[in-house]
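Peer 1: Quick note, the sequences are listed as chains A and B, same order.
Under our numbering, the first residue of the first sequence carries the number 24, and numbering increases by one thereafter.
Under our numbering, the first residue of the second sequence carries the number 5, and numbering increases by one thereafter.
The reader is advised that the hints may include incorrect statements.
Claimed, not checked - Non-contacting residues of chain B with respect to chain A, defined by C-beta distances greater than 10 angstroms in every case (computed):
| # | residue |
| --- | --- |
| 1 | Thr9 |
| 2 | Glu16 |
| 3 | Arg30 |
| 4 | Thr38 |
| 5 | Glu70 |
| 6 | Arg72 |
| 7 | Ala121 |
| 8 | Ser125 |
| 9 | Ala157 |
What the hints assert, rightly or not - Reference excerpt, derived from the structure (chain B facing chain A, CB under 8 angstroms, subset only):
| # | residue |
| --- | --- |
| 10 | Met5 |
| 11 | Asn11 |
| 12 | Cys47 |
| 13 | Val63 |
| 14 | Ile77 |
| 15 | Glu78 |
| 16 | Val83 |
| 17 | Ala87 |
| 18 | Pro92 |
| 19 | Gln94 |
| 20 | Cys105 |
| 21 | Tyr107 |
| 22 | Thr136 |
| 23 | Gly142 |
| 24 | Ser156 |
Said to hold, decoys possible - Using C-beta positions, here's what the derived DEER-type ranges look like:
| # | chain 1 | residue 1 | chain 2 | residue 2 | range |
| --- | --- | --- | --- | --- | --- |
| 25 | B | Ala153 | A | Gly582 | 45 to 53 angstroms |
| 26 | A | Glu478 | B | Glu22 | 25 to 33 angstroms |
| 27 | A | Gly611 | B | Ala153 | 21 to 29 angstroms |
| 28 | A | Gly531 | B | Ala153 | 38 to 46 angstroms |
| 29 | B | Gly86 | A | Ala343 | 40 to 48 angstroms |
| 30 | B | Glu22 | A | Gly758 | 35 to 43 angstroms |
| 31 | B | Glu22 | A | Gly611 | 53 to 61 angstroms |
| 32 | A | Lys442 | B | Gly71 | 34 to 42 angstroms |
| 33 | A | Glu316 | B | Ala153 | 52 to 60 angstroms |
| 34 | B | Ile44 | A | Ala353 | 22 to 30 angstroms |
| 35 | A | Asp281 | B | Gly71 | 57 to 65 angstroms |
| 36 | B | Ala153 | A | Thr689 | 39 to 47 angstroms |
| 37 | B | Pro65 | A | Ala343 | 56 to 64 angstroms |
| 38 | A | Pro617 | B | Ala153 | 40 to 48 angstroms |
These are calculated hints, taken from the structure and not from any lab test.
These numbers come from a predicted model, not from an experiment.
All C-beta atoms in this analysis are idealised placements derived from N, C-alpha and C, irrespective of residue type, glycine included.
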Amino acid sequence: MSKTDSKPKLSRRNFLLVSAVAGGGALIGYAATRPSRHQRANDTLADGGDRFVTSWIRLRPDNRVTIYVPHAEMGQGVHTALAMMAADELDAAWELVDVEQAPATDLFANDAIVAGLGGELLPEFLTGLVNFAALPAAQIVNIQITGGSSSVRYTGENSMRVAGAAARSMLLECAAERWGVAAEECATESSHVIHSASGRSIAYGELADDAARLEPPANPVLKDRSQFNIMGRAISRRDIPPKVDGSAPYGIDAHSEDMLYAALRLAPVFGARLASVNAEAALAQRGVRKVVELEDGYAVVADNYWRAKQALELVEAEFAPTENDSVSSAVLAERFDRALAESNGSRDFESGDADAALEDAQDVFEASYRVPYLAHAAMEPMNCTVHIQGDRADLWTSTQDALGIKSRVARVAGLSEDKVTFHHSYLGGGFGRRLPFTWNVIDHATLIAQQVAKEFDAPVKTILTREEDMRQDYYRPAVHSNFKAAFDAEGLVTAWHNRFTGPIQVPGAAHIPYGIPNQSIRVVDVETHVPIASWRSVDHSQQTFFIESFIDEIAHRRGTNPYQLRMELLQDHPRHRNVLQVAAESAGYGSGLPEGRALGIAVQESFGSIAAQVAEVSIGSDGRPVVHKVTCAMDCGWVVNPDTAEAQIESGIIFGLTAALYGAITIEDGRVVQGNFPDYEMLRMADSPEIVVHLVESGNAPGGLGEPATPPVAAAVANAIYILTGQRVRELPIGDREFTLDRSLAGNI
Amino acid sequence: MARFTLNGENRELDIEPEMPLLWVLRDELGMTGTNFGCGIGNCGACTVHVDGNALRSCVTPVGAVEGRDITTIEGLASVAGGANGLSPVQQAWIDHQVPQCGYCQSGMIMAASALLARNPSPSDEEIDAGITNICRCGSYPRVRKAIRALASA
């Protein structure tokens with residue numbers, strides 16, 4: 024991005040080839056199900072002896088293979104895992120495999136994730152985000168979204184493996200034809216086709232040209248698990264070496280000599296409009312180029328971010344009053360409770376007749392829970408760099424959906440989509456904040472760049488301060504949830520009655536696996552002015568705290584061991600029972616624990632995986648809970664990369680525990696109170712528990728791993744606290760609440 | 005005028021002395037390995053070494069490091085030595101597959117390197133006290149494992 028290339032005049036072909044050189048790799052991908060893309064790829068990109076033999080796979084004459092991954096790498100190891108899936112089916116030698124981020128062009132749109140899967144297979148996180156009925160087919164297909172713990176499950180299983188297997192069968196066919204033997208006599212191994220009978224062997228790279236002339240088979244035979252050579256191994260992640268020497272590029276690292284920097288202040292009350300601005304003092308500061316006024320905020324543009332940020336404080340601005348200026352968390356809590364009291368809501372799940380069972384009950388037990396709004400607080404603050412030059416633009420930002428963001432910037436800037444070039448980077452954390460439909464910062468950065476472009480030919484990097492990042496998030500929704508359980512004369516649970524505030528973002532999160540005959544689960548939608556979106560594990564993070572706390576309360580009410588009650592009520596869920604048993608045994612459930620410690624347990628299915636967790640907790644001398652150890656048994660079907668899987672589980676637990684112990688975004692005077700880490704505390708090394716992970720392979724289809732470890736931990740900790748103290752945590756975060764040891768429940772674990 | 009040594013090279017810049025070192029590194033020098041996380045010295049993503057000590061560059065005015073010896077993640081390997089262009093701490097981070105998103109890891113590695121330089125065998129309590137950086141991905145168990153391995157090496 025030096026001045027010399029600040030006015031690139033590149034045709035699509037040139038852009039692709041230039042990028043290929045700059046990235047040290049290659050470029051094209053296309054779906055096995057869409058041979059037209061295959062043809063386009065080779066027609067436009069025939070580059071030396073390189074050939075794209077099928078979707079996402081490019082072979083080189085030196086027998087190296089480049090695998091393009093259409094997902095954002097945000098530390099979940101997706102680049103490595105998906106390349107492993109394609110490479111294994113291809114029978115490639117792993118040391119000959121290069122992994123590249125698929126470019127943000129429609130040639131690399133990730134249709135496997137949505138197209139052709141049928142409604143019932145649509146990743147559930149997308150159903151909450153997108154109204155697919157309202158989208159034209161082309162927009163659904165042109166998607167490169169990363170979220171919903173879906174990459175391995177959908178792209179990996181339905182696209183990467185298929186592409187690898189298709190390429191392998193094409194190479195096999197080409198070799199057999201060249202040798203004049205039957206394809207059945209040939210085999211593949213370590214990036215070679217071999218013919219044992221004649222002792223012949225040929226490298227894939229030598230067959231690339233022939234193979235590229237074939238149409239990929241639509242339904243190639245996939246390997247049986249016993250045939251895996253690469254999948255299932257703890258292979259080192261390809262994105263780690265650049266992350267230890269400072270060279271890994273994040274969106275915020277876009278840099279050029281002539282770059283300008285924008286510090287942005289948005290309306291502190293969501294939805295407020297800018298009323299007046301006096302920028303005189305700011306404009307007089309060193310390095311300040313411009314003050315940009317926006318509908319809902321203002322920005323100072325300078326030649327250095329710190330200068331922009333300092334000058335921003337000198338801008339005198341006022342925002343117009345709104346009807347939400349006096350809204351507080353207390354006001355919202357009252358609104359939530361009133362909604363639950365006044366409305367029966369709409370059906371989420373019903374079976375049997377819960378109302379009748381409650382009426383006939385020997386005993387009815389009620390409990391109400393609530394959790395607050397949460398910010399994502401990704402370590403890389405939200406940022407976006409845009410350089411608009413006439414009818415085209417360059418764009419750098421860390422995003423979970425490159426194609427979506429490119430299209431958004433084009434729309435906001437009034438440019439044609441093919442005139443916007445997206446430059447990929449790693450993400451300094453995503454957790455749902457960098458998904459589509461959370462457009463602030465992106466829109467603002469584009470509008471700022473548009474204003475700047477009238478006077479300066481330079482890229483503009485807009486960065487939110489940590490305080491703005493926290494106060495201008497799209498939050499995990501605050502939720503209130505009320506429960507009633509009915510017991511009959513024998514103490515059996517006959518009804519589960521649940522009313523919670525919505526909206527529902529991921530359907531099914533409030534449903535229970537427990538065999539309770541009468542269930543009534545209904546949602547009451549409540550409107551607020553606080554923007555909300557997906558937060559790691561979405562609705563599961565709140566609902567699992569509620570469900571797994573209430574089932575625990577039911578067990579104690581009945582005088583049953585909480586683990587035993589779960590096992591009894593999960594007769595029809597052998598996978599749940601299995602992970603519960605593995606976690607409980609590993610954690611020493613029911614056996615001797617150090618004095619003053621207790622175990623709490625919780626289980627939840629989300630994103631195709633089932634996680635059971637046991638938290639080992641004590642109460643410190645200051646009355647605060649200390650989480651010593653979390654044991655997790657995870658059934659994610661089967662595992663592509665066990666080391667990455669463990670890392671994701673460790674990560675998910677710490678993310679969930681951070682929220683349980685500390686996380687709260689509160690509202691005063693219509694605006695977010697918290698601004699930086701002391702107010703919105705994070706778990707750190709000293710509070711980080713020992714984590715023990717058991718990957719329980721059931722052989723089912725692979726489940727997600729980015730999110731499923733987050734939901735259960737809050738309830739597991741709360742359930743342990745109850746055993747230690749008799750005090751029930753019904754509101755998160757646990758915060759600085761003090762607890763007192765009470766030994767009376769200690770035997771009941 | 006600000007003068008300091010950066011990864012062994014003398015630097016002289018016409019800059020306000022109150023500008024935090026972080027923004028001098030990132031915006032003036034294009035050294036983007038040192039990261040912006042919080043801007044108040046709380047999260048540690050911006051940790052660099054000044055005369056071998058870990059310091060949070062987002063709250064360190066460049067005027068306060070006048071004439072001092074600054075090492076960033078880009079220069080760590082050449083200062084600390086090691087095989088394959090990596091310091092022993094960087095190599096341990098790969099061996100234990102520590103980073104996830106990786107954004108905090110430049111600072112984490114600089115903090116761990118400074119801790120191990122002054123205390124080659126830190127206890128768990130000393131690791132807790134010495135590593136106060138935030139990792140939102142929760143790499144703490146692996147950071148601890150990597151430091152323990154370095155301590156016993």
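Peer 1: Please go over all the hints and tell whether each is borne out by the structure.
Peer 2: Do the hints match the structure? See the list:
1. With a least beta-carbon separation of about 18 angstroms from chain A, threonine 9 of chain B lies farther than 10 angstroms from that chain, consistent with its non-interface assignment.
2. Glutamate 16 of chain B, annotated as away from the interface, keeps every beta carbon of chain A farther than 10 angstroms; the closest lies near 17 angstroms.
3. Not every C-beta of chain A lies more than 10 angstroms from that of arginine 30 of chain B, the closest at about 7 angstroms, which undercuts listing it as non-interface.
4. Distance to chain A contradicts threonine 38 of chain B as a non-interface residue, since its nearest Cβ pair spans about 7 angstroms, not more than 10 angstroms.
5. No beta-carbon of chain A is positioned within 10 angstroms of the beta-carbon of glutamate 70 of chain B; the least distance is around 18 angstroms.
6. Separation of arginine 72 of chain B from chain A is adequate, the least Cβ-Cβ distance of about 19 angstroms exceeding the 10 angstroms criterion.
7. Interface exclusion of alanine 121 of chain B from chain A stands, the closest Cβ pair being 17 angstroms apart, more than 10 angstroms.
8. Here serine 125 of chain B stays apart from chain A, with its beta-carbon at least about 17 angstroms from theirs, past the 10 angstroms limit.
9. Remark: the non-interface label on alanine 157 of chain B is consistent with the geometry, its nearest Cβ contact in chain A lying 17 angstroms away (cut-off 10 angstroms).
10. Because the closest C-beta pair between methionine 5 of chain B and chain A is about 14 angstroms apart, greater than 8 angstroms, the hint is violated.
11. For asparagine 11 of chain B, the shortest C-beta to C-beta distance to chain A is roughly 11 angstroms, which exceeds 8 angstroms, and the interface hint is violated.
12. A hinted interface residue such as cysteine 47 of chain B counts as satisfied when its beta carbon comes closer than 8 angstroms to some beta carbon of chain A; here the least separation is about 6 angstroms, so the hint holds.
13. Given hint, valine 63 of chain B at the interface with chain A, is violated; its Cβ is 12 angstroms from that chain's nearest Cβ, farther than 8 angstroms.
14. The restraint placing isoleucine 77 of chain B at the interface with chain A holds, with a minimum CB-CB distance near 4 angstroms, inside the 8 angstroms limit.
15. Here the hint on glutamate 78 of chain B is kept, as its CB sits about 5 angstroms from the closest CB of chain A, short of 8 angstroms.
16. Below 8 angstroms, beta-carbon pairs count as interface contacts, and valine 83 of chain B has none with chain A, the closest being about 13 angstroms; its hint is therefore violated.
17. Restraint check, alanine 87 of chain B versus chain A: the minimum CB separation of about 13 angstroms is more than 8 angstroms; hint violated.
18. Below 8 angstroms, beta-carbon pairs count as interface contacts, and proline 92 of chain B has none with chain A, the closest being about 11 angstroms; its hint is therefore violated.
19. Because the smallest distance between the Cβ of glutamine 94 of chain B and any Cβ of chain A comes to about 4 angstroms, under 8 angstroms, the interface hint for this residue holds.
20. The interface hint given for cysteine 105 of chain B is met, as the beta carbon of that residue sits about 4 angstroms from the closest beta carbon of chain A, less than 8 angstroms.
21. Look at tyrosine 107 of chain B: its Cβ gets to within about 3 angstroms of chain A, closer than 8 angstroms, so that hint holds up.
22. Interface hint at threonine 136 of chain B: satisfied, since its Cβ lies 6 angstroms from the closest Cβ of chain A, which is below the 8 angstroms cut-off.
23. Here the hint on glycine 142 of chain B is kept, as its CB sits about 3 angstroms from the closest CB of chain A, short of 8 angstroms.
24. Hint status for serine 156 of chain B: violated, given a least beta-carbon distance of 18 angstroms to chain A, over 8 angstroms.
25. Between alanine 153 of chain B and glycine 582 of chain A the C-beta distance comes to about 47 angstroms, which sits within the given range of 45 to 53 angstroms.
26. The supplied range of 25 to 33 angstroms is met by glutamate 478 of chain A and glutamate 22 of chain B, whose beta-carbon atoms lie about 28 angstroms from each other.
27. Between glycine 611 of chain A and alanine 153 of chain B the CB atoms are about 27 angstroms apart, so this pair conforms to the stated range of 21 to 29 angstroms.
28. For glycine 531 of chain A and alanine 153 of chain B, the Cβ-Cβ distance of about 42 angstroms falls inside the hinted range of 38 to 46 angstroms, so the restraint holds.
29. Glycine 86 of chain B and alanine 343 of chain A have their C-beta atoms about 58 angstroms apart, which leaves the hinted 40 to 48 angstroms range violated.
30. Separation of glutamate 22 of chain B from glycine 758 of chain A is about 36 angstroms and conforms to the stated range, judged on CB atoms against 35 to 43 angstroms.
31. Separation of glutamate 22 of chain B from glycine 611 of chain A is about 56 angstroms and conforms to the stated range, judged on CB atoms against 53 to 61 angstroms.
32. Between lysine 442 of chain A and glycine 71 of chain B the beta carbons are some 49 angstroms apart, a value that contradicts the proposed interval 34 to 42 angstroms.
33. Checked against the hint of 52 to 60 angstroms, the C-beta distance between glutamate 316 of chain A and alanine 153 of chain B comes to roughly 54 angstroms, which is consistent with it.
34. Between isoleucine 44 of chain B and alanine 353 of chain A the C-beta distance comes to about 28 angstroms, which sits within the given range of 22 to 30 angstroms.
35. The supplied range of 57 to 65 angstroms is broken by aspartate 281 of chain A and glycine 71 of chain B, whose beta-carbon atoms lie about 30 angstroms from each other.
36. Separation of alanine 153 of chain B from threonine 689 of chain A is about 41 angstroms and conforms to the stated range, judged on CB atoms against 39 to 47 angstroms.
37. For proline 65 of chain B and alanine 343 of chain A, the hinted distance range of 56 to 64 angstroms is not satisfied, since their beta carbons lie about 38 angstroms from each other.
38. Taking the beta carbon of each, proline 617 of chain A and alanine 153 of chain B are about 27 angstroms apart, not inside 40 to 48 angstroms as hinted.
When held up to the earlier numbered hints, the structure conflicts with 3, 4, 10, 11, 13, 16, 17, 18, 24, 29, 32, 35, 37, 38 and fits the remainder.
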